[in-house]
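Chain B: place on chain A using the hints.
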Amino acid sequence: MTPVRDAIAAALNQCEREPIHIPGSIQPHGALLACRHPDLIIEHASVNAADYFMMPLNRILGARLEDLFRSDAGHIRLALNNEQLDAKPAWLMSIALPGSSSPAWQMIAHRREDLAIIELEQAVDAANVGFSSVYPLVTRFMSDLAPARSIDELNSIAAREIRQITGFDRVLIYRFDSDWHGSVVAEDRNEELPSYLDLRFPASDIPAQAREMYRRNRLRLIPDAAYSPVPITPELNPRTGQPLDLTYSVLRSVSPVHVRYMKNMGTGASMSISILRDGQLWGLVSCHNKTPRRVSFEVRNACDIIAQAFSAQIAAGEHRADAETRIRLKSTESRLLRHMAEQDTFLDGLTKNQEDLLACTGADGAAILFESECRLVGMTPSEPQVRELAAWLDREHADAGVFQSECLSEIYPAALEFAASGSGVIAASISSLHDSYIMWFRPEVLMTVKWGGDPRKPTEPDGQVLNPRNSFEIWKQTVRLHSRPWSAAEIDSARDLREAIVRIVLRTAEETAQLSGELARSNQELEAFSYSVSHDLRAPFRHIAGFAELLRERESDRLSETGKRYLGTIIESAQFAGRLVDNLLSFSQIGRASLQFSPVNTATLVAEIRSQLALDSADRDIEWRIGDLPSVRADLFMLRLVFQNLLSNAIKYTRPREKAVIEIGSERGDRETIFHVRDNGVGFDIQYASKLFGIFQRLHRMEDFEGTGIGLANVRRIVTRHGGRTWAEGEVNRGAAFYFTLPDSPEAAARESRAREKGPVEQIP
Amino acid sequence: MSDLLKPILLVEDNPKDLELTLVALEKTQLANQVITLRDGAEALDYLFRRGQYATRAEGNPAVILLDLKLPKVDGLQVLERIKEDAALRSTPVVMLTSSREEKDLIRSYNLGVNAYVVKPVGFGEFIEAISDLGIFWAVLNEPPPGSMRPRR
Numbered sequence: 001m002t003p004v005r006d007a008i009a010a011a012l013n014q015c016e017r018e019p020i021h022i023p024g025s026i027q028p029h030g031a032l033l034a035c036r037h038p039d040l041i042i043e044h045a046s047v048n049a050a051d052y053f054m055m056p057l058n059r060i061l062g063a064r065l066e067d068l069f070r071s072d073a074g075h076i077r078l079a080l081n082n083e084q085l086d087a088k089p090a091w092l093m094s095i096a097l098p099g100s101s102s103p104a105w106q107m108i109a110h111r112r113e114d115l116a117i118i119e120l121e122q123a124v125d126a127a128n129v130g131f132s133s134v135y136p137l138v139t140r141f142m143s144d145l146a147p148a149r150s151i152d153e154l155n156s157i158a159a160r161e162i163r164q165i166t167g168f169d170r171v172l173i174y175r176f177d178s179d180w181h182g183s184v185v186a187e188d189r190n191e192e193l194p195s196y197l198d199l200r201f202p203a204s205d206i207p208a209q210a211r212e213m214y215r216r217n218r219l220r221l222i223p224d225a226a227y228s229p230v231p232i233t234p235e236l237n238p239r240t241g242q243p244l245d246l247t248y249s250v251l252r253s254v255s256p257v258h259v260r261y262m263k264n265m266g267t268g269a270s271m272s273i274s275i276l277r278d279g280q281l282w283g284l285v286s287c288h289n290k291t292p293r294r295v296s297f298e299v300r301n302a303c304d305i306i307a308q309a310f311s312a313q314i315a316a317g318e319h320r321a322d323a324e325t326r327i328r329l330k331s332t333e334s335r336l337l338r339h340m341a342e343q344d345t346f347l348d349g350l351t352k353n354q355e356d357l358l359a360c361t362g363a364d365g366a367a368i369l370f371e372s373e374c375r376l377v378g379m380t381p382s383e384p385q386v387r388e389l390a391a392w393l394d395r396e397h398a399d400a401g402v403f404q405s406e407c408l409s410e411i412y413p414a415a416l417e418f419a420a421s422g423s424g425v426i427a428a429s430i431s432s433l434h435d436s437y438i439m440w441f442r443p444e445v446l447m448t449v450k451w452g453g454d455p456r457k458p459t460e461p462d463g464q465v466l467n468p469r470n471s472f473e474i475w476k477q478t479v480r481l482h483s484r485p486w487s488a489a490e491i492d493s494a495r496d497l498r499e500a501i502v503r504i505v506l507r508t509a510e511e512t513a514q515l516s517g518e519l520a521r522s523n524q525e526l527e528a529f530s531y532s533v534s535h536d537l538r539a540p541f542r543h544i545a546g547f548a549e550l551l552r553e554r555e556s557d558r559l560s561e562t563g564k565r566y567l568g569t570i571i572e573s574a575q576f577a578g579r580l581v582d583n584l585l586s587f588s589q590i591g592r593a594s595l596q597f598s599p600v601n602t603a604t605l606v607a608e609i610r611s612q613l614a615l616d617s618a619d620r621d622i623e624w625r626i627g628d629l630p631s632v633r634a635d636l637f638m639l640r641l642v643f644q645n646l647l648s649n650a651i652k653y654t655r656p657r658e659k660a661v662i663e664i665g666s667e668r669g670d671r672e673t674i675f676h677v678r679d680n681g682v683g684f685d686i687q688y689a690s691k692l693f694g695i696f697q698r699l700h701r702m703e704d705f706e707g708t709g710i711g712l713a714n715v716r717r718i719v720t721r722h723g724g725r726t727w728a729e730g731e732v733n734r735g736a737a738f739y740f741t742l743p744d745s746p747e748a749a750a751r752e753s754r755a756r757e758k759g760p761v762e763q764i765p
Numbered sequence: 001m002s003d004l005l006k007p008i009l010l011v012e013d014n015p016k017d018l019e020l021t022l023v024a025l026e027k028t029q030l031a032n033q034v035i036t037l038r039d040g041a042e043a044l045d046y047l048f049r050r051g052q053y054a055t056r057a058e059g060n061p062a063v064i065l066l067d068l069k070l071p072k073v074d075g076l077q078v079l080e081r082i083k084e085d086a087a088l089r090s091t092p093v094v095m096l097t098s099s100r101e102e103k104d105l106i107r108s109y110n111l112g113v114n115a116y117v118v119k120p121v122g123f124g125e126f127i128e129a130i131s132d133l134g135i136f137w138a139v140l141n142e143p144p145p146g147s148m149r150p151r152r
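Order-wise, the sequence lines are chains A and B.
Using our numbering, the first residue of the first sequence is number 1, and each one after it goes up by one.
Using our numbering, the first residue of the second sequence is number 1, and each one after it goes up by one.
Next up, chain A with everything else stripped away, as it sits in the complex:
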C-alpha cells in the first residue's frame, strides 16, 4: 500500500470507531433532560440545566418531571405516551424557563428505549423565518418539483428552495455513489462562501456509522461551529450502566473532527438533511453559513418535508431516467442489430456505426476481437494490450458471459499501463471456442471530472489536514484507476447485444457447418465419380484403342485407304479421350493432395525442366533469357508442374517462329514473389484472357496446337493453393506473358485461400 492509502485506511478506521451516537455532551444552544419512562424520574441532565431551572444538578437528577414543569407536566406526560415519539423527535410546546432571559423555549421530545429525552432549544429570533412563511415556500417547492424533468433540475430546485427557506449562505446537494464516495451535484449560494459544485469527497469523510445515524435521524444542526460542548451527567446511566444514546437528539454534540473540518472550510454554521431513497441514504442536503446561524425547529421540519418530497421525486425521476436510458439503449441496440443484418458480417455492422456501438454502454472506446481480427473504435488501449486482456479474460473469467469492472487494474495489473483509456471495462464473450470479445472501455474518472467552481484553489490555510482540498486529494487517491461505474442498464445492454451476436455467430456457424457438411458430401460424390471415371471410362477407351490397333496390325491389308484412315482416327480419338480422362483425374488430384512446403530453388528447378523439355525440342532454335530466380517456399512437386506447364506452353506456342525467345524471371512484390514466363509466340486475343485458366479451355485449333486445355487450369489451381494469383497478358501474334505470384509465407496464405475459395475467381491485378 502507498503511504497515502495507509493514511486513508488509518483515518477511516479511526473515524469509523468513533462512537458518535454517545458523545456524552450536547451543543450549548439548549438543555437536555432524560427521564425514565413512564414514571418520568430524571436520570440524566446536561450541566447547563442547573442554570435554566435555577436548581442544583443533584436536585434535578432523581427529581420527577412534574417538579420542574409543574403546570405543564400533565401535558408533557400525555404527549410522551404518544408512540409516535418513538425514535422521532416532535415539538411539544413553547415554554419559558425560570433562569433564562429568552422569552420562549421550544420543547422537543422523543423516546429511546425506556427513556424519554426532552430537549429545550432556545427559540430563534423573529428575524429568522417562522413557520407562517415556511408553509407557502413548501407548497411552492412542491409545485416547482412536479414539472421538473431531469435529476439535475430536481437537484437545482431543491438547493435553491432550501436556501430560500433557511437563509443559509450555501446549500449543496451531495450525492453518494455506490462506493459511498460523494460529489456535489447541485449548489445554490451567495458570495459569502466559495462554490463546491462538483467537488468530490472520499467515503472516509462520512464514515459508515455516521451514514447509519444520518439514515435514522435525518437532520443535524450545528448553529455555531465555535461552540463548547455541554457535558451530560451522569455519563453512565445508574440503572443500566450505559451512556445516553443521542442518535435522535436534536442537540447532540458532534465529533470534534467534524467541527474542525467545518472551521477549516470557513463555515460558522451548518445543517444537513438526509435524502433517503427506498430506505437507503441517497445523499444529503448540506447547508453552510459563514457566520453562526440558528434554524427553528419548524423550519427544520419544513426542510425535512421538502427533502423527503424531493427524495420521492428523485426516486421517480431516477426510475424514469433509468427507463428512458433503457429505452435509449434498447433502440441503440436494435439499430446495431439492423446494421449487423445489413452488413456481410456482424463485425462490419458494429464498426461502421461507431457512435451506436459506444452509446450502447456509454463507453468512450470499444474493441471487437473475433477470430483473428481486432478492430478498435474510439479511445481504447492498443491492439496488443486488448489482445492480452482478451487472453487473460479467457484464462481467468472464461465462465462470465459479460465481465465488467470499473477498476480493472485492481485485478489485472497490466491495466495500469492503459488506465487513461481503459480503467473500466465491460467484456462480452461472443464465442466459446476462441477468445472473441466485444469490449467497451471507460477512462480513469479523474480524466472526466468537470469543475463548476474552483475548489482546488487553496483558500484554506496550509497545514490543515481536514479540509475539502484534502478531501479532494484523498478522493483522488481513492478513485485513482477507477472509471465511472457501469450502470445496471448499461451492463444489461452489453448482455443483450452479446446474446444477439452469439445468436448470429451461432447461426452462421450452423450454416457453415451445414455447408461444409454438404461440401464434404459432394466432395465424396466427386471422389466416387472420379474413381469410377478412372476405372470405368478409361477401360472402354483402352479397349477401343487396343482392338483398333490389333485390327490395323492384323487386318489392315483387307482395308481400303479410307478404311485405314477411319481406323487411324478411331485410335487417335480413343487415345485422346483417354488422355482427357487422365488429365481430369490429375486436375482433381492437384486440388486434393496435401501440400508439403519446403524451400525451392527456382533457378535449379527451371534449369532441370528446361533440360527435360530440350529432348522434345531438339530441332528448335530457342533463345532462353533467364532472369532472377530466387528461392521460395513452395510444394516442390506442384511448383515443378507449374513451370513445366508454362515452359512447355511457351515452347509449343512459339513453334511457328524461326527463333523462339522465352524469358523467365521474377520480381519482388508486397510480401510475395511475382514470376513471369514470356514468349514471342502466337499470343492470344486479350479478350479471352479470362478463359485461359479455365479447365478444358482452348484458344487454338487442335490441328495447330495439340493439348487438352488442362495445363493452365492446373497452374492456377496450384498457385491458388499456395495463396498466390495468376494472370496473363498477350496479343495475337505478338507473344504472351504468364504471371504468377507466390507469397513469402504460403502456409498462412494457403489456409486463407482455402477458407474463402468459392471456385475459380478471375484475378487480374
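Hints listed in this document are in silico derivations from the structure and should not be mistaken for laboratory results.
Treat the hints with care, as some may be off.
[Claimed, not checked] In silico lysine-lysine, BS3-like type, Cα no more than 27 angstroms apart, as pairs:
(1) B:72 - B:16
(2) B:69 - B:16
(3) B:16 - A:564
(4) B:27 - A:564
(5) A:352 - A:330
(6) B:27 - B:72
[Claimed, not checked] Stretch by stretch, here's where chain A covers chain B in the computed footprint (C-beta under 8 angstroms, at least three residues):
(7) 16 to 23
(8) 120 to 127
[Said to hold, decoys possible] Cβ-Cβ distance ranges computed for the label pairs, FRET-style:
(9) B:128 - A:668: 46 to 54 angstroms
(10) B:54 - A:618: 58 to 66 angstroms
(11) B:128 - A:655: 25 to 33 angstroms
(12) A:655 - B:124: 31 to 39 angstroms
Model, not experiment: these values are computed from the prediction.
Just so you know, even glycine gets a beta-carbon here, dropped at the ideal spot from N, CA and C.
Positioned in the frame of chain A, the structure of chain B alone reads:
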C-alpha cells in the same frame, strides 16, 4: 523345357482386357506358360491348391499379374492373402489396373505389392509395359526361393 519354367498367373475378369493382355504377353515371346484366372476366389483356389485346383502340381507362379478390381474377392484382398502366406509371400505380384487413385496405390504398397502398372490407353504403350513386366519378373528377376531357376 518350357514346362520347367514357372507359369505366369494372370488374374483378369474383363474379357477384353484379358485378350489384350494375352496379345501383349504373346508379343513378349516369353516361354512361360500363362495361366488365366477370372476372379479373386479362383485365384486363391489356384494359389492355395484347393477346389478345382486341389490336384494341380505343386509350385508357385513366376509372377502374378493381378487386376485390382475383381469379382467375388477383389485384387487387394487377394494380394493381402498372398502376402500373409509364408510360402507365397516371396512370389512377385504386379497390380494391373485402370486406377490412378492414390489410395489404391498406397493400399497396394502397404500390402507389399512388388509393382503397380496403370494400364495405358495406347495399345503400343500397353504392350511395352506388359513386356517390360514379363521380362523383368519372369526372366531377369532372381527367382525367389521356392521357385525353380529358369533353365532355357
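Hint-by-hint comparison with the structure:
no., hint, verdict
1, B:72 - B:16, "19 angstroms, holds"
2, B:69 - B:16, "14 angstroms, holds"
3, B:16 - A:564, "22 angstroms, holds"
4, B:27 - A:564, "23 angstroms, holds"
5, A:352 - A:330, "18 angstroms, holds"
6, B:27 - B:72, "31 angstroms, violated"
7, 16 to 23, "holds (count 4)"
8, 120 to 127, "holds (count 6)"
9, B:128 - A:668: 46 to 54 angstroms, "47 angstroms, holds"
10, B:54 - A:618: 58 to 66 angstroms, "59 angstroms, holds"
11, B:128 - A:655: 25 to 33 angstroms, "28 angstroms, holds"
12, A:655 - B:124: 31 to 39 angstroms, "25 angstroms, violated"
Violated hints, listed in ascending order, are 6 and 12; each of the other numbered hints is respected by the structure.
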